[in-house]
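Protein chains in written order, with this note's numbering: chain A, 20 to 913; chain B, 7 to 95.
Misleading hints may appear alongside valid ones.
Derived CB-CB ranges, DEER-like [claimed, not checked]:
| hint | chain 1 | residue 1 | chain 2 | residue 2 | range |
| --- | --- | --- | --- | --- | --- |
| 1 | B | 42 | A | 339 | 30 to 40 Å |
| 2 | A | 530 | B | 21 | 34 to 44 Å |
| 3 | A | 452 | B | 42 | 26 to 36 Å |
| 4 | B | 25 | A | 661 | 41 to 51 Å |
| 5 | B | 14 | A | 833 | 39 to 49 Å |
| 6 | A | 509 | B | 69 | 35 to 45 Å |
| 7 | B | 42 | A | 164 | 33 to 43 Å |
| 8 | A | 676 | B | 25 | 52 to 62 Å |
| 9 | B | 21 | A | 243 | 48 to 58 Å |
| 10 | A | 50 | B | 14 | 42 to 52 Å |
| 11 | A | 685 | B | 14 | 51 to 61 Å |
| 12 | A | 661 | B | 21 | 36 to 46 Å |
Simulated from the structure, these hints should not be mistaken for lab results.
Ideal Cβ positions, reconstructed from N, Cα and C, are used throughout, including at glycine.
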Amino acid sequence: MVPFNILVLVCLVYVGLLFLVAFLVERRAQARALPWLRSPLIYTLSLSIFCTAWTFYGAVGYAVRSGWEFMTIYLGPTLVFVGWWWVLRKLVRIGKTQRITSIADLISSRYGKSNLLGVIVTLISVVAATPYIALQLQSVTLSFAVFASTTADGGPVPDKASTALWVAVGLALFTVLFGTRNLDANERHHGVVIAIAVEAVVKLVALVAVGVFVVWGLADGPADILAKIDASRLSAWDLQPGRWAGLIFLSAAAVLCLPRMFQVMVVENVDERHLATASWAFPLYLFLMCLFVLPIAVTGLNLLPPGTNPDLFVLTLPLAQGQGGLAMLAFLGGFSSATSMVIVASIALATMVSNHIVMPMWLSLHPAQAVSGDVRRIVLLSRRLSIAGVVALGYAYFRLSGGSSALAAIGLISFVGAAQILPAMLGGIFWRGATRVGAVAGLLIGAGVWAYSLYLPSFGPDAVISGRLIAEGPWGIGWLRPQALFGVEGMDPLVHAMFWSLVLNATAFFVGSILTFPSPVERVQGAAFVNVFDGEVTAGNWVRGAATAEDLLVLSQRILGEDEALGFFEAEAKAQGKVGLLPDPTPGFVGALERRLSGSVGAATAHAMISQSVGGAAVSVEDLMAVANETAQIMEYSARLEAQSEELTRTARQLQQVNEKLTQLSVQKDSFLSQISHELRTPMTSIRAFSEILMEGDMPPEMARRHATIIHDEAIRLTRLLDDLLSLSVLENGTVQLTLGLVSLQDMIDRALVAAAQTRPERSFTVHRDMVSEALYVTTDADRLTQVFINLISNARKYCAAPDPELRIAVRQRGGRVMVDVIDNGRGIPEDSQALIFEKFARLTDETRAGGAGLGLAICREVMMALGGTVTYLPGQGGTAFRVTFPLRLQKAA
Amino acid sequence: MKRPGLPLFLQRRPYRRRRKIDAARLLPVFGAFLLLLPMLWAPTEDKARGTVHDGLYLFLVWAGLIAVARLLAPSLTAEEQPDGDEGNR
Numbered sequence: 020m021v022p023f024n025i026l027v028l029v030c031l032v033y034v035g036l037l038f039l040v041a042f043l044v045e046r047r048a049q050a051r052a053l054p055w056l057r058s059p060l061i062y063t064l065s066l067s068i069f070c071t072a073w074t075f076y077g078a079v080g081y082a083v084r085s086g087w088e089f090m091t092i093y094l095g096p097t098l099v100f101v102g103w104w105w106v107l108r109k110l111v112r113i114g115k116t117q118r119i120t121s122i123a124d125l126i127s128s129r130y131g132k133s134n135l136l137g138v139i140v141t142l143i144s145v146v147a148a149t150p151y152i153a154l155q156l157q158s159v160t161l162s163f164a165v166f167a168s169t170t171a172d173g174g175p176v177p178d179k180a181s182t183a184l185w186v187a188v189g190l191a192l193f194t195v196l197f198g199t200r201n202l203d204a205n206e207r208h209h210g211v212v213i214a215i216a217v218e219a220v221v222k223l224v225a226l227v228a229v230g231v232f233v234v235w236g237l238a239d240g241p242a243d244i245l246a247k248i249d250a251s252r253l254s255a256w257d258l259q260p261g262r263w264a265g266l267i268f269l270s271a272a273a274v275l276c277l278p279r280m281f282q283v284m285v286v287e288n289v290d291e292r293h294l295a296t297a298s299w300a301f302p303l304y305l306f307l308m309c310l311f312v313l314p315i316a317v318t319g320l321n322l323l324p325p326g327t328n329p330d331l332f333v334l335t336l337p338l339a340q341g342q343g344g345l346a347m348l349a350f351l352g353g354f355s356s357a358t359s360m361v362i363v364a365s366i367a368l369a370t371m372v373s374n375h376i377v378m379p380m381w382l383s384l385h386p387a388q389a390v391s392g393d394v395r396r397i398v399l400l401s402r403r404l405s406i407a408g409v410v411a412l413g414y415a416y417f418r419l420s421g422g423s424s425a426l427a428a429i430g431l432i433s434f435v436g437a438a439q440i441l442p443a444m445l446g447g448i449f450w451r452g453a454t455r456v457g458a459v460a461g462l463l464i465g466a467g468v469w470a471y472s473l474y475l476p477s478f479g480p481d482a483v484i485s486g487r488l489i490a491e492g493p494w495g496i497g498w499l500r501p502q503a504l505f506g507v508e509g510m511d512p513l514v515h516a517m518f519w520s521l522v523l524n525a526t527a528f529f530v531g532s533i534l535t536f537p538s539p540v541e542r543v544q545g546a547a548f549v550n551v552f553d554g555e556v557t558a559g560n561w562v563r564g565a566a567t568a569e570d571l572l573v574l575s576q577r578i579l580g581e582d583e584a585l586g587f588f589e590a591e592a593k594a595q596g597k598v599g600l601l602p603d604p605t606p607g608f609v610g611a612l613e614r615r616l617s618g619s620v621g622a623a624t625a626h627a628m629i630s631q632s633v634g635g636a637a638v639s640v641e642d643l644m645a646v647a648n649e650t651a652q653i654m655e656y657s658a659r660l661e662a663q664s665e666e667l668t669r670t671a672r673q674l675q676q677v678n679e680k681l682t683q684l685s686v687q688k689d690s691f692l693s694q695i696s697h698e699l700r701t702p703m704t705s706i707r708a709f710s711e712i713l714m715e716g717d718m719p720p721e722m723a724r725r726h727a728t729i730i731h732d733e734a735i736r737l738t739r740l741l742d743d744l745l746s747l748s749v750l751e752n753g754t755v756q757l758t759l760g761l762v763s764l765q766d767m768i769d770r771a772l773v774a775a776a777q778t779r780p781e782r783s784f785t786v787h788r789d790m791v792s793e794a795l796y797v798t799t800d801a802d803r804l805t806q807v808f809i810n811l812i813s814n815a816r817k818y819c820a821a822p823d824p825e826l827r828i829a830v831r832q833r834g835g836r837v838m839v840d841v842i843d844n845g846r847g848i849p850e851d852s853q854a855l856i857f858e859k860f861a862r863l864t865d866e867t868r869a870g871g872a873g874l875g876l877a878i879c880r881e882v883m884m885a886l887g888g889t890v891t892y893l894p895g896q897g898g899t900a901f902r903v904t905f906p907l908r909l910q911k912a913a
Numbered sequence: 007m008k009r010p011g012l013p014l015f016l017q018r019r020p021y022r023r024r025r026k027i028d029a030a031r032l033l034p035v036f037g038a039f040l041l042l043l044p045m046l047w048a049p050t051e052d053k054a055r056g057t058v059h060d061g062l063y064l065f066l067v068w069a070g071l072i073a074v075a076r077l078l079a080p081s082l083t084a085e086e087q088p089d090g091d092e093g094n095r
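Let's have the full structure, built from the sequences with the hints guiding it.
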């Protein structure tokens, strides 16, 4: 036992030390000479404000009551930190890029800088944190009561209420001094962070020291302690699956959503890489804090008299063993845990209260000050008052609740309250579809359910809510009972409240989001938050400056063109009564200019450009969206133009192709005419010559007969030529009449062979045929197809130079098409001539002995085209080969 | 979302980094599973849950998570690439 006044002195010296550290650090921070402050170690230690007096004292009490369940509070944060790549990394990056100052600022900023959301989150946070702050005051007060003794020289120990009051006042003072010394743009408090890091070390060392004392001092090492646990009433524990999973989830949510955790994790973060270190170092810290909890609990149960408050075993155990120094260390550890939590929580809450509630109210009351006055002083004042207010609320709660309930219960109620922010937060950073309405609905419903089913009943029956309402529901409606909502009975009240509040919260958030349409600002912010890793999505800085008429002239010249702009300016200058080109940039002139420009670039763009130059009115996101809309319209218009011009290009290309074809046709016609006159002249010449000889008479009759025979032969040749020409022209004009019918392919080939045998009948061909494959019935014009076969076979008979000529006819059917190959064993056709053979009058040799005019293949080609097929030269068959392809069933053209 | 202009396949070093990021993403999932596992252990009929046994298991899992996170942390911050943070190649 230590005299009370000495204890107070120790506390004051300790706080003075922290004060000194914080002060020195602030000094150095201003000199920008703080490399070691930016170390990941400091960051990790500052995170330890998660472990409050609730951890330091309460964990042991919790362990005595529920075994390992106390660990869930630290396992959740471990999972969050080990999985930092998912959420924490994104939160920190968003906090940096968007200059987030608190969790309320994060939510408000994400949902279109809505102040309503900022107010809601602030209120939830304050309401949820108040019992937690009360908890810290309570633990400090309890530890004072246990530790201090009434001695003659030390004076009497004051009652709990006044101890708590003095602690509260002292903490508020310390926080005001360091939390609001200056108004940093980033809301960073280097001094406070260092002080918290020091306190983190103190509380860890204190708890580990007590643990080591228990394990190696009071017991014979770990094995002995384990044996003692097995022997004690703690040897068996009851794991309630609902609470186990629920509390792990809850603590994970709380570490993300508690305002003070957000403050040290995101706002005070100086370097993103520190998060990687904290990802394992902070779980390690929690691990060490938990390691000795159960040994202390079991030793306390064994050694201390029954009825001792297990929440204070950490302090009373060394005290009972006469270890005054260790007890003092433990006391300071608990003191550190409580003070650091209150300091950071009140800074975080005060920032939120002042930024989202006090300042907006003050500015709406004094609108003039927003433009002209120095707001800094007001902000600082409101911060200080808010800190005092938050601590005062905690004190009030402490007085009202009487400080009796177990520490753990209060902490968990506070956690569930803070967790209501989780859906809006996670939805905000991962889902672009989340909207303001959804967030407001979710937060309000979640907070309402939390307050109704957990917070208000926690004051006890008949305190706020009557016991009858808890037992029977409002107006006797059973399914509205606070602890059995919708008839779900038998659930643990905490898990029940957490389950329903978060489920309804998330549902309202989701439904509200998908049913509403976000405002432009919300959508911009949503994209900036969700895609924070895809590079900057900021609007960019508008360069502001007072516009001179010259600037405006330059601007409008770019848009209107030089002459027009100069003319406009000159006219305006004249209207103002000035000589020269530059009028004064009066509002009237600027307005006129804007209207003029908007005719060229659209109203929104013109407004944006002018306001950028003039610098008077800021460009709002709505303006930018309007610009974007105009641009979209212009783009659509230009896309239409592009499509039109593409179509024109296509038409032009088609015309060009047609023109080329016409030119080719004209050339072909010319060459055809010269060919035909040549072909006609040759027989005519011989007919004329021989008929002249005949006219002279006086010749032997057999000679005359021979001449007449020649004349007759040539006349026949002429006739045949004319026939061919006629049929070709008919075919080419497409005026051919087809007579379709079902005919046997075999018959056609038979007829063709017989007819073609008249050509050079002196040659005997060996013909190879496959009768089976020829047994096909096709729908086509039999006469014309037979003509094609005749032509091809005659050609073979005419030109095949082999001594033992052979002819092979192969028939194949592929799908709906029939292929007939006519192949001889001749020389074949050289490759460079293959393209020519189907042209009119194309003959490979000059020999006209067969009397052909070179129209046969051209006719074949035209006929096959009319029959919906083709005739092609087939190379690589060891002779001249042609393939005729035609459809099995020719449909009559419509 | 597919971003044009990025290579489909990566060199050895960025590839390794991507896989470590995958590991860092999966670690909390495994951790959650292992920490929830005690819920499935039914206490044996004659006696209740063993505090010592369960405690050793929980602290072991916890230490394992810390160790793996410790192994993964340095390489994740080593070279922060501007492009492919969210990529999944």
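### Query
Does 51 to 61 Å hold as the CB distance between residue 685(A) and residue 14(B), or does it fail?
Between residue 685(A) and residue 14(B), where Cβ atoms are some 55 Å apart, the hint holds.
### Message
Tell me if the beta carbons of residue 509(A) and residue 69(B) are separated by a distance inside 35 to 45 Å.
### Response
36 Å, holds
### Task
Just tell me: holds or violated, for the beta carbon distance of residue 676(A) and residue 25(B) against 52 to 62 Å?
Cβ of residue 676(A) to Cβ of residue 25(B): about 57 Å, so the range 52 to 62 Å holds.
### Query
Does the hinted range 39 to 49 Å hold for residue 14(B) and residue 833(A) at CB?
41 Å, holds
### Query
When you take the CB atoms of residue 25(B) and residue 661(A), is the distance between them in 41 to 51 Å?
45 Å, holds
### Task
Determine whether the Cβ-Cβ distance between residue 42(B) and residue 339(A) falls within the hinted range of 30 to 40 Å.
Given range 30 to 40 Å: holds, Cβ gap about 38 Å.
### Message
Given a hint of 26 to 36 Å, does the C-beta separation of residue 452(A) and residue 42(B) actually sit inside it?
### Response
30 Å, holds
### Message
Given a hint of 42 to 52 Å, does the C-beta separation of residue 50(A) and residue 14(B) actually sit inside it?
### Response
50 Å, holds
### Task
Check the following: the C-beta atoms of residue 21(B) and residue 243(A) are separated by a distance inside 48 to 58 Å.
Given a distance of about 51 Å, which is inside 48 to 58 Å, the answer is holds.
### Query
Is the distance from the Cβ of residue 530(A) to the Cβ of residue 21(B) consistent with 34 to 44 Å?
Given about 42 Å between the Cβ atoms, the range holds.
### Query
Quick one: are residue 42(B) and residue 164(A) within 33 to 43 Å, going by C-beta?
40 Å, holds
### Task
Confirm or reject the claim that residue 661(A) and residue 21(B) have a C-beta distance inside 36 to 46 Å.
Given a distance of about 42 Å, which is inside 36 to 46 Å, the answer is holds.
Hint violations for this structure: none, all hints satisfied.
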